[in-house]
Amino acid sequence: MSQFEQFDNKGYLNMDLLRFTTAGSVDDGKSTLIGRLLYDSKSIFEDQLEAVERDSKRRGMDEMNLALLTDGLRDEREQGITIDVAYRYFATPKRKFIIADTPGHIQYTRNMVTGASTANLAIILIDARHGVIEQTFRHSYIASLLRIPHLAVCVNKMDLVNFDEEVFNKIREDYSAFSTKLDVKDIRFVPISALKGDNVVDRSTNMNWYDGPTLMHILENIYIAGDYNYTEGRFPVQTIIRPYNDEYHDYRGYAGRIAGGVFKPGDEVVVLPSGFTTKIKAIDTYKESIPEAFPPQSVTIRLEDEIDISRGGMIAHTENQPQSSQDIEMMICWMGEKPLTVRGKYVVKHTTADCKCMVQSIEYKVDVNTMNHIACVENLKLNDIAKVKIRTTQALHFDSYSKNRITGSLILIEEGSNSTVGVGMII
Amino acid sequence: MSKYHLNHLKELESESIYIMREVAAQFENPCLLFSGGKDSIVMVHLAKKAFWPARIPFPLVHIDTGHNFEETLTYRDSLVEEIGAKLVIGSVQESINKGKATEEKGINASRNKLQTGTLLDTIEAHKFDAALGGGRRDEEKARAKERFFSHRDEFGQWDPKNQRPELWNIFNGKKNIGEHFRVFPISNWTEMDVWQYIYQEQIALPSLYFTHERDVFERDGMWLAHAPFMQLKPTEKVEKKRIRCRTIGDITCTGVTFSEASSLEDIINEIASTRVTERGGRADDKRSEAAMEDRKKEGYF
Chain A
33 MSQFEQFDNK
43 GYLNMDLLRF
53 TTAGSVDDGK
63 STLIGRLLYD
73 SKSIFEDQLE
83 AVERDSKRRG
93 MDEMNLALLT
103 DGLRDEREQG
113 ITIDVAYRYF
123 ATPKRKFIIA
133 DTPGHIQYTR
143 NMVTGASTAN
153 LAIILIDARH
163 GVIEQTFRHS
173 YIASLLRIPH
183 LAVCVNKMDL
193 VNFDEEVFNK
203 IREDYSAFST
213 KLDVKDIRFV
223 PISALKGDNV
233 VDRSTNMNWY
243 DGPTLMHILE
253 NIYIAGDYNY
263 TEGRFPVQTI
273 IRPYNDEYHD
283 YRGYAGRIAG
293 GVFKPGDEVV
303 VLPSGFTTKI
313 KAIDTYKESI
323 PEAFPPQSVT
333 IRLEDEIDIS
343 RGGMIAHTEN
353 QPQSSQDIEM
363 MICWMGEKPL
373 TVRGKYVVKH
383 TTADCKCMVQ
393 SIEYKVDVNT
403 MNHIACVENL
413 KLNDIAKVKI
423 RTTQALHFDS
433 YSKNRITGSL
443 ILIEEGSNST
453 VGVGMII
Chain B
1194 MSKYHLNHLK
1204 ELESESIYIM
1214 REVAAQFENP
1224 CLLFSGGKDS
1234 IVMVHLAKKA
1244 FWPARIPFPL
1254 VHIDTGHNFE
1264 ETLTYRDSLV
1274 EEIGAKLVIG
1284 SVQESINKGK
1294 ATEEKGINAS
1304 RNKLQTGTLL
1314 DTIEAHKFDA
1324 ALGGGRRDEE
1334 KARAKERFFS
1344 HRDEFGQWDP
1354 KNQRPELWNI
1364 FNGKKNIGEH
1374 FRVFPISNWT
1384 EMDVWQYIYQ
1394 EQIALPSLYF
1404 THERDVFERD
1414 GMWLAHAPFM
1424 QLKPTEKVEK
1434 KRIRCRTIGD
1444 ITCTGVTFSE
1454 ASSLEDIINE
1464 IASTRVTERG
1474 GRADDKRSEA
1484 AMEDRKKEGY
1494 F
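Line by line, the protein sequences are chains A and B.
In terms of our numbering, the first sequence is residues 33 to 459.
In terms of our numbering, the second sequence is residues 1194 to 1494.
You may find that some hints are simply not true.
The calculated lysine-lysine pairs, modelled on DSSO-like cross-linking and capped at a C-alpha distance of 27 Å, are [claimed, not checked]:
(1) Lys-421/A to Lys-1354/B
(2) Lys-1196/B to Lys-313/A
(3) Lys-1279/B to Lys-1320/B
(4) Lys-1320/B to Lys-319/A
(5) Lys-1426/B to Lys-435/A
(6) Lys-1320/B to Lys-311/A
(7) Lys-1354/B to Lys-370/A
(8) Lys-1367/B to Lys-388/A
(9) Lys-1196/B to Lys-296/A
(10) Lys-313/A to Lys-1242/B
(11) Lys-1368/B to Lys-377/A
(12) Lys-89/A to Lys-126/A
(13) Lys-1279/B to Lys-1298/B
(14) Lys-1196/B to Lys-1279/B
(15) Lys-435/A to Lys-311/A
(16) Lys-1203/B to Lys-313/A
(17) Lys-1291/B to Lys-1490/B
(18) Lys-213/A to Lys-421/A
(19) Lys-1368/B to Lys-435/A
(20) Lys-1367/B to Lys-377/A
(21) Lys-1196/B to Lys-319/A
(22) Lys-1293/B to Lys-1306/B
(23) Lys-1368/B to Lys-413/A
(24) Lys-370/A to Lys-1490/B
(25) Lys-1291/B to Lys-296/A
(26) Lys-1367/B to Lys-126/A
(27) Lys-313/A to Lys-377/A
(28) Lys-419/A to Lys-435/A
(29) Lys-1291/B to Lys-370/A
(30) Lys-1241/B to Lys-313/A
Sample of chain A residues lacking proximity to chain B, with all beta carbon distances greater than 12 Å (derived) [claimed, not checked]:
(31) His-249
(32) Ser-330
(33) Thr-332
By construction, these hints were calculated from the structure, which means they are not laboratory data.
For each residue, glycine too, the CB sits at the ideal point set by N, CA and C.
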């Protein structure tokens, strides 16, 4: 007999996962908004609250500063700024959420790109007093470049403009005017006050003119099951499973995570780079075989024929193959301290493959504040976004980023320091 | 609703398995840090799944403070036997004997901080180039900034302000000689996810996690298990209580909870209604506002 109130295990086991990112400039109230989401969804525990109260008082603040919940590093807390991407977790009865909280400073664009790369949704914060500003363009452009499928534009600090409908409408019009240039289909607008809690989790009583959903309602209900590619079968091989024991003496399986499409035993597949074709014999998970596998499942695939495949190879459906080429055009975001130069050499990591590459040309740089193209550029500096062409030492097997975020993305690594200096989205 | 849909536990499992396989593929000599706590037990379970039907391709490393719960060691030894893995023990007592570490003095003395030196020595002695850990980002605010693949310099240090950007599911494990990586495959799991997963997979746990009677005493508002080597203040007195552990670490800094929870369902219900974080019971985190960040920079788990 249990003395505890029964927790809904079955419901919990059936939740899905929404990853979202937050973008706003300094003082737009990002950390406060996240603090509010955590607080109002009762995801903050007593000892965390006590610690924040204690730290707020120590810093001479009157009200509890919810930003202290998310600013984790000593420097961040002391300077009152967010330096690095922080990941936060909360759950409601409907969904589990992962927040990538990214700093708004202009010099930290690389963090926003990082947070955006895995997000289903981006929250773009706009200060109601300042309206659409340069950084709003930048954040929205990055969300669009990284192909975040859904945007929630939150006009924050409505309490400081007397909850005025006109202010909200003006910002929505300004934003809509420029967002026609973006590649995002689903954009929603919500007037909020993160500090006071209006329209974040609970519906505002100060803005009866707004009849749309609260931010939490959007987060809980947005449709995300279509965010993967289920049509083009792609399986980058991570490692080979060879047990070398008596029971599984001849077992040879290719371990990896489905990057696209749906694979079934019997499917005709091609093995890249060799180009040999065969059939799928079985798809294994722990101690069992499954009838089909789809993104983002981690499985082990066995093939009918013994074919030479190693890490970096790809198994794809024969009738629908990825592009294979050494010449690759892409949009790049540069994250290195040293500039990218034409003829510069880097290591490429793409799915599970890596090889070297040379930058052939910089086609143009993007002015992220206007989205204009700037031609005749010699090099790229930290946070620059540009279209470049590279040539790799061996063919990569890829799709365009717009078709598949997994097989369409790559990173560039600087030799010597081994730093990740560039991230590319293949065109 | 699409028929191709993974619930969040399956998605997290799949992500963690992917990362474990990346570690096996990208590094020459990885290891799995095993504390005997539920997170590292889940890690071993995920590793079994990632490489089945082959064995887990790396040894387990236990950093032993010498101040253990007996139940943890029993569990560890039977698990190692079951999975046929190699066990490497890094002993804090040995570090002290060799003069490499100095025992903390006073009533709150703990070997928690000393583990860092022993851990780094063990990594160096065995030339491990990647150490898999069960750290989660929801545990503590400094951990929230941690990458999956966390680069450590030749001194084993973490530089939180100069971390490599980590995008999509591409993990950069490139390093120079003498450097290593800490890898955290369950970064995105919460405490509740871990318990739900243990429940879903029916993973066996050390008996410490379930209610039992034990000698305990109260210190600074926290209840600690009593052990012979722990000094008591004159005002502190040992009592018998029914308790369980919500986390398991070194016995000197693991707070215990009064609980009657005797099954996984009970524990899940208890956690769903609790209002204190699991690390709220950890004396090691209470030392200062940035205690975890400071320890992590030096090379802590």
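Here's how the hints hold up against the structure:
1. Pair hint Lys-421/A plus Lys-1354/B does not hold up; C-alpha atoms about 31 Å apart against a cutoff of 27 Å.
2. Annotation: proposed proximity of Lys-1196/B to Lys-313/A holds, straight-line Cα distance about 23 Å (limit 27 Å).
3. Restraint check: the Cα-Cα separation between Lys-1279/B and Lys-1320/B comes to about 15 Å, which is no more than 27 Å; the hinted pair holds.
4. Taking the CA atoms of Lys-1320/B and Lys-319/A, the gap is about 33 Å. The hint is violated against a cut of 27 Å.
5. Proximity of Lys-1426/B to Lys-435/A is assessed by CA-CA distance (about 66 Å); at most 27 Å being required, the pair is judged violated.
6. Between Lys-1320/B and Lys-311/A, the direct Cα distance comes to roughly 41 Å. Violation of the 27 Å bound is thereby established for this hinted pair.
7. Annotation: proposed proximity of Lys-1354/B to Lys-370/A holds, straight-line Cα distance about 17 Å (limit 27 Å).
8. Restraint check for Lys-1367/B and Lys-388/A: the C-alpha separation of about 14 Å stays at or below 27 Å, so the hint holds.
9. For a cut-off of 27 Å, the pair hint linking Lys-1196/B to Lys-296/A stands: about 15 Å separates their Cα positions.
10. Between Lys-313/A and Lys-1242/B the alpha-carbon distance is near 20 Å, which keeps this suggested pair within the 27 Å criterion.
11. Of the supplied pair hints, the one linking Lys-1368/B and Lys-377/A holds, its CA atoms being roughly 18 Å apart against a limit of 27 Å.
12. Of the pairs offered as hints, the one joining Lys-89/A and Lys-126/A is violated, with about 35 Å between alpha carbons and a cut-off of 27 Å exceeded.
13. With a C-alpha separation of about 34 Å, the suggested pair Lys-1279/B and Lys-1298/B falls outside the 27 Å cut-off, and the hint is violated.
14. Distance hint between Lys-1196/B and Lys-1279/B is unfulfilled; the C-alpha atoms sit about 41 Å from each other, more than 27 Å.
15. As the CA atoms of Lys-435/A and Lys-311/A are separated by approximately 25 Å, the hinted pair is consistent with the 27 Å bound.
16. As the CA atoms of Lys-1203/B and Lys-313/A are separated by approximately 24 Å, the hinted pair is consistent with the 27 Å bound.
17. Distance restraint check for Lys-1291/B and Lys-1490/B: the Cα-Cα separation of roughly 24 Å lies within the 27 Å cut-off, and the hinted pair is therefore satisfied.
18. For the given pair, Lys-213/A sits about 24 Å from Lys-421/A by alpha-carbon distance, which is consistent with the 27 Å threshold.
19. Of the supplied pair hints, the one linking Lys-1368/B and Lys-435/A is violated, its CA atoms being roughly 32 Å apart against a limit of 27 Å.
20. For the proposed pair Lys-1367/B and Lys-377/A, the alpha carbon gap of about 16 Å is at most 27 Å, so the pair holds.
21. Of the pairs offered as hints, the one joining Lys-1196/B and Lys-319/A holds, with about 23 Å between alpha carbons and a cut-off of 27 Å not exceeded.
22. With a C-alpha separation of about 13 Å, the suggested pair Lys-1293/B and Lys-1306/B falls inside the 27 Å cut-off, and the hint holds.
23. Restraint check for Lys-1368/B and Lys-413/A: satisfied, since their Cα atoms lie roughly 24 Å apart, inside the 27 Å limit.
24. The hinted pair formed by Lys-370/A and Lys-1490/B meets the criterion: a straight-line CA distance of about 26 Å does not exceed 27 Å.
25. Note on Lys-1291/B and Lys-296/A: the hinted pairing is violated, with a Cα-Cα distance of about 58 Å set against a maximum of 27 Å.
26. Restraint check: the Cα-Cα separation between Lys-1367/B and Lys-126/A comes to about 39 Å, which exceeds 27 Å; the hinted pair is violated.
27. Between Lys-313/A and Lys-377/A the alpha-carbon distance is near 41 Å, which puts this suggested pair outside the 27 Å criterion.
28. The suggested pairing of Lys-419/A with Lys-435/A holds, with an alpha-carbon distance near 18 Å, which does not exceed 27 Å.
29. Proximity of Lys-1291/B to Lys-370/A is assessed by CA-CA distance (about 44 Å); at most 27 Å being required, the pair is judged violated.
30. A distance of roughly 22 Å separates the Cα atoms of Lys-1241/B and Lys-313/A; the hinted pair therefore holds under the 27 Å criterion.
31. Look at His-249/A: its CB is around 18 Å from the nearest CB on chain B, clear of 12 Å, so calling it non-interface holds up.
32. A Cβ of chain B approaches the Cβ of Ser-330/A within 12 Å, the least distance being about 4 Å, so the stated non-interface status is violated.
33. With a cut of 12 Å on Cβ distances, Thr-332/A falls inside the contact zone with chain B, its closest approach being about 8 Å.
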